[in-house]
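Listed below are the residues making up each chain.
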Amino acid sequence: MNAPSDTVVRSEARGQADALAARSPVSWRRLRALVTKETRQLLRDKSNLMVGLFLPVVLILIFGYGLSFDIRNAPIAIVMDDTSPSAHDVIAGFYLSPYFSVTRPASMNEAKKLMLKRKVDAIVYLQSDFSRQLAAGNATIQVLVNGVDANRARVLQAFAQGAIGQWAIKRAAAGEVSAMPVPAISLQTRLWYNEANNSTYFLVPGLIVLVMTLNGALLTSLVMAREWERGTLESLFVTPVNSNEIIISKLVPYFGVGLAGLTMCLLAGKFLFAVPIRGSLLLIVVISMLYLLVSLSLGLLISAATKNQFLASQLALITSFLPALMLSGFIFDLHSVPAVVRGISRVLPATYYVEALQTLFLAGNEWELIVKDGAVLAVAAVVLLVLTRLNTRKELA
Amino acid sequence: MNASLHRILILIRKELIAVLKDPRSRVILLVPIVLQSLLFGYAATFDLNEVSYALLESDHSGAAKDFMAQIDGSGVFKRVVELRNAKQIGDVIGRKQALLVIHLPPDFERQIQSGRGAVIQVITDGRNSNTGNVAAAYVGAVVERFNAAWSDQHGYAKPPLRIESRAWYNTNLETRWNMIPSLIAALSMLQVLMLTALSVAREREQGTFDQLLVTPLRPTEIMVGKAVPSILIGIAQSTIILLLALFWFGIPFQGSLVTLYLGLLLFTTASVGIGLALSAFSATMQQAMLYTFVLLMPMMLLSGLTSAISNMPTSMQYLTLVNPLRYAIEMTQRVYLEGAGIAVLYNDMWPLVVIAAITLPTAVWLFRNRLA
Chain W
1 MNAPSDTVVR
11 SEARGQADAL
21 AARSPVSWRR
31 LRALVTKETR
41 QLLRDKSNLM
51 VGLFLPVVLI
61 LIFGYGLSFD
71 IRNAPIAIVM
81 DDTSPSAHDV
91 IAGFYLSPYF
101 SVTRPASMNE
111 AKKLMLKRKV
121 DAIVYLQSDF
131 SRQLAAGNAT
141 IQVLVNGVDA
151 NRARVLQAFA
161 QGAIGQWAIK
171 RAAAGEVSAM
181 PVPAISLQTR
191 LWYNEANNST
201 YFLVPGLIVL
211 VMTLNGALLT
221 SLVMAREWER
231 GTLESLFVTP
241 VNSNEIIISK
251 LVPYFGVGLA
261 GLTMCLLAGK
271 FLFAVPIRGS
281 LLLIVVISML
291 YLLVSLSLGL
301 LISAATKNQF
311 LASQLALITS
321 FLPALMLSGF
331 IFDLHSVPAV
341 VRGISRVLPA
351 TYYVEALQTL
361 FLAGNEWELI
371 VKDGAVLAVA
381 AVVLLVLTRL
391 NTRKELA
Chain S
1 MNASLHRILI
11 LIRKELIAVL
21 KDPRSRVILL
31 VPIVLQSLLF
41 GYAATFDLNE
51 VSYALLESDH
61 SGAAKDFMAQ
71 IDGSGVFKRV
81 VELRNAKQIG
91 DVIGRKQALL
101 VIHLPPDFER
111 QIQSGRGAVI
121 QVITDGRNSN
131 TGNVAAAYVG
141 AVVERFNAAW
151 SDQHGYAKPP
161 LRIESRAWYN
171 TNLETRWNMI
181 PSLIAALSML
191 QVLMLTALSV
201 AREREQGTFD
211 QLLVTPLRPT
221 EIMVGKAVPS
231 ILIGIAQSTI
241 ILLLALFWFG
251 IPFQGSLVTL
261 YLGLLLFTTA
271 SVGIGLALSA
281 FSATMQQAML
291 YTFVLLMPMM
301 LLSGLTSAIS
311 NMPTSMQYLT
321 LVNPLRYAIE
331 MTQRVYLEGA
341 GIAVLYNDMW
351 PLVVIAAITL
361 PTAVWLFRNR
371 LA
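If you read the sequences in order, they're chains W and S. Numbering follows this note's numbering, in which position 112 of the first sequence is assigned residue number 112; successive positions increment by one, without gaps. Numbering follows this note's numbering, in which position 36 of the second sequence is assigned residue number 36; successive positions increment by one, without gaps.
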């Protein structure tokens, strides 16, 4: 008599405990099981590891060795219709400059053909009466640049001016002061934090931003959508697992992959590309973790909201990777864009991450900036996580 | 042959319906293209039009006022703060209050008038060295104008040598002019590649690809039927960007539309070929998508979109030779801005044909041989 009622009581107690566990925000036991499941799923598919670990290596190599804003050996054509010694003197600077590699077509027509074929980026032209005019103090050198790449063209113009300026300095040094009067003002420019003017210095922090964005948004944008599409999320719903646990278990393994990517980037930045880390390494890691959380939850949110892998991947690409590349201030300066675009870039978490990283790498611990950026990222992470939670209810659509 | 064409047309129709039936898919193929063209068109520029600066001026002479009036009058510079001593420079730059600091020496006017010349220090924030350099160059331009005016006024001899600089194709050297034509190729490729990569992978994941294989459709016909809709969508997207470039941004089109569209057709076919090969290679949609990303990023970065290919080391430049986007960007820019014809663009076109000729048959082969 006693025994059956005893089992009933015991099973009731267990039922109550289960119900309690289901109501409590997270059960560690279930969470551990889910995390193990997600981790296995992640490691099993090679394509995940391709994006998580192989792509960062590729990007490191591209950013470190491939991309550069520094012009070297730009092909230019010098056309001299006057071959007098003084004309040769004037153009000597182009041969010495590391920025140019000079070809000497016989005529202006030939040079123009080279420019049309994009064999040269610029033409420097000395007219036939150049030396006579120079003696008269009234000579002109024509510099024609291909303006299609406007930025490059502008830098080339400045370098050309510098190369010709060499001549003036030499003449002045030789005692022919009258060659070029001393200008009223001369400029002395210093590029702080990057005295060597090396674009790798700002590309490497940007690289970390891209890798973190990539890991987060692209990988996680697919996980939830995939389960919705295949219907496996519904089978999870009939288990005692609650939505908090589902979300956390989907974040943890990808967080690990993100940290692996971060470690690789930091090591490459320090040892391969010798980018200085003038701020605190710990702060870099903390800020990066915050951003990683932001981008992971953005991915999950997209995934939970679209419930469709094609839409999710498109949205992830459009809201994460492209803005991080184009609108974050990583390559293009944000002070000069129209107010609307600036407003959009201010909403992007990547903008704050770029600012914080560039500062921590090159300028040092500028607390005012770092605290602001960190706070923005923390708020973004919380908002996105809450939105994800709201979009992951245990109910069928 | 006729029956084959008929089968292909039916497949094309089915594929177009499959993509365009879902209103959310229609939105995602149209809206981002427009938004991104506008956003990137405005954002992706190296030109500065608002340079915040701090002034450290120890000399309040007339010459200093003249010079600063020229800086402020240039319309580019915005004075955000005046510093009292050099110690403040670190904070102003470090906290990003100003992009640069202009430092006039104490005896600025006296030095100019003595004929020895004065030296102005410009300190720029080098966290983005590119922006820093451009900003410094803008100050340089003002200095140049000031110097010219000064020697005119004071009857100094003109410099014996003048440099006359002109830019072809883009006279005012606006970055936007070369950015937007390259977007015609780059933005449409993003989505086309993804769309194609998913097309076969989706059927495989859902098991309908096997059904397709047992129909009278031959693998080549399946390939054509899958490729044509994506090519059409890609070219439609390019057209939207082209219209924005022409009518919203008002960038004058110098070349021939026939040349442009011939190039775009070749380029889109080459990208669709890559997408189909990836798709046939992947077992699931997720794999297809992730492989596409792995390929897409290097393709975007090594295409000349954000930094010139000629700045890259030679070995990397060789790597760009297999990147269809590299040719497409060069081609659209040159047709659009230079008005280049097929004779000149031939070198950008044949590699695209080669890429398509390799990837499309590879996709067909994978259709047949990856039935696992």
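Don't take each hint at face value.
The calculated lysine to aspartate or glutamate pairs, modelled on EDC-like cross-linking and capped at a C-alpha distance of 16 Å, are [claimed, not checked]:
| # | chain 1 | residue 1 | chain 2 | residue 2 |
| --- | --- | --- | --- | --- |
| 1 | S | Lys14 | S | Asp152 |
| 2 | W | Lys307 | S | Asp107 |
| 3 | S | Lys96 | W | Glu368 |
| 4 | S | Lys96 | S | Glu82 |
| 5 | S | Lys87 | S | Asp107 |
| 6 | S | Lys65 | S | Asp22 |
Since the hints were derived computationally from the structure, they do not count as laboratory data. No experiment lies behind these values; they were computed from the predicted model shown.
Legend entry - Numbered hints the structure breaks, given as an ascending list: 1, 2, 5 and 6
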